[in-house]
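Student: First residue of the sequence shown? That's 666 in this note's numbering, and the numbers climb one at a time after it.
The set of hints was computed from the structure by calculation and includes no laboratory data. Just to be clear, a hint being listed does not mean it is correct.
[Unchecked claim] With a cut-off of at most 27 Å between alpha-carbon atoms, the simulated DSS-like pairs for lysine-lysine come out as follows: (1) LYS773 with LYS737; (2) LYS766 with LYS711; (3) LYS866 with LYS829; (4) LYS829 with LYS766; (5) LYS737 with LYS719; (6) LYS719 with LYS757; (7) LYS773 with LYS757; (8) LYS737 with LYS766; (9) LYS766 with LYS719; (10) LYS773 with LYS829; (11) LYS757 with LYS829; (12) LYS874 with LYS829.
Small disclaimer: the values here were computed from a predicted structure and weren't measured.
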Amino acid sequence: MSDLVPDLLPGPVLDDTSAEWVAGLTERGHGDVAPGGLPHRDAYIKRLHVLLLKIARAEASRRAGLNGIAGKELDDLACQAADDALMSILRKIGNFRGESKFTSWAYKFVVFEVATKFGRHAWRRDGVRLDPESWDRLPAALGAGPEAVAESRELVTAVREAVKEAMTPHQQQVFVAIVVNATPLDALVAELGSTRNAIYKTMFDARRKLRAHLIARGHIRAEEGKS
């Protein structure tokens with residue numbers, strides 16, 4: 666009897682608004698004509714795109730000051746993010762289970778697309794930066810407080826030397842892109858024509874070489890820096 670219990674437990678129940686979105690964006694809309702004269706599903710797709718574009722523009726504007734993107738270029742990026750988020754949502758709508766509101770679920774797609782596109786833009790513009798200024802900003806970017814920045818910078822200098830001396834050019838490229846330049850993983854995957862697993866493997870090997878180099882130079886003890 667206990668084996669039957671899991672089948673009796675109900676899944677998440679969609680709130681009315683989320684249920685309306687799901688029905689409108691799938692075949693459950695029955696193809697009837699919605700207000701405005703569009704077929705039912707097309708009308709909901711148009712509504713969703715308007716919502717996504719609004720979110721994309723707001724998120725892009727929030728990030729613009731830190732990335733040097735403005736004007737038409739900024740709006741083009743937001744439009745591309747909204748378009749790509751819409752396509753992802755339509756492909757994955759069958760995975761929506763109602764743990765959150767549909768609009769909150771959709772919001773994550775468009776924010777992800779904006780972040781990826783900003784990272785890709787920065788990657789194309791700047792490539793791999795090994796200049797001292799980028800590294801000097803690293804302690805603060807990693808959350809070090811003012812009292813710890815000076816000490817952290819000493820270690821950052823050692824890390825920078827290790828990257829140059831111990832890593833292959835490809836490992837340098839991936840490590841600096843992710844750790845120093847904060848390039849989103851998926852943007853890096855797209856730019857390198859690689860896969861997430863390949864990037865993970867490169868980062869694992871790079872960190873192993875980094876740790877060995879820092880131990881050999883006496884910057885950390887052998888028992889430190891393990892993960």
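Student: Each of the hints needs a verdict: does it hold here or not?
Tutor: Taking the hints in turn, this is what the structure says about them:
This hinted pair checks out: LYS773 and LYS737 have alpha carbons roughly 24 Å apart, not beyond 27 Å. A distance of roughly 19 Å separates the Cα atoms of LYS766 and LYS711; the hinted pair therefore holds under the 27 Å criterion. With a C-alpha separation of about 19 Å, the suggested pair LYS866 and LYS829 falls inside the 27 Å cut-off, and the hint holds. Between LYS829 and LYS766, the direct Cα distance comes to roughly 47 Å. Violation of the 27 Å bound is thereby established for this hinted pair.
Restraint check: the Cα-Cα separation between LYS737 and LYS719 comes to about 15 Å, which is no more than 27 Å; the hinted pair holds. A hinted pair counts as satisfied when its Cα atoms are at most 27 Å apart, and LYS719 with LYS757 qualifies at roughly 21 Å. Proposed proximity of LYS773 and LYS757 is supported: the alpha carbons are some 13 Å apart, at most 27 Å. Restraint check for LYS737 and LYS766: the C-alpha separation of about 32 Å exceeds 27 Å, so the hint is violated.
Distance restraint check for LYS766 and LYS719: the Cα-Cα separation of roughly 18 Å lies within the 27 Å cut-off, and the hinted pair is therefore satisfied. Under the criterion of a C-alpha separation no larger than 27 Å, the hint pairing LYS773 with LYS829 is inconsistent with the structure, at around 37 Å. Proposed proximity of LYS757 and LYS829 is contradicted: the alpha carbons are some 42 Å apart, above 27 Å. At most 27 Å may separate the alpha-carbon atoms for a hinted pair to count; LYS874 and LYS829 meet this at roughly 11 Å.
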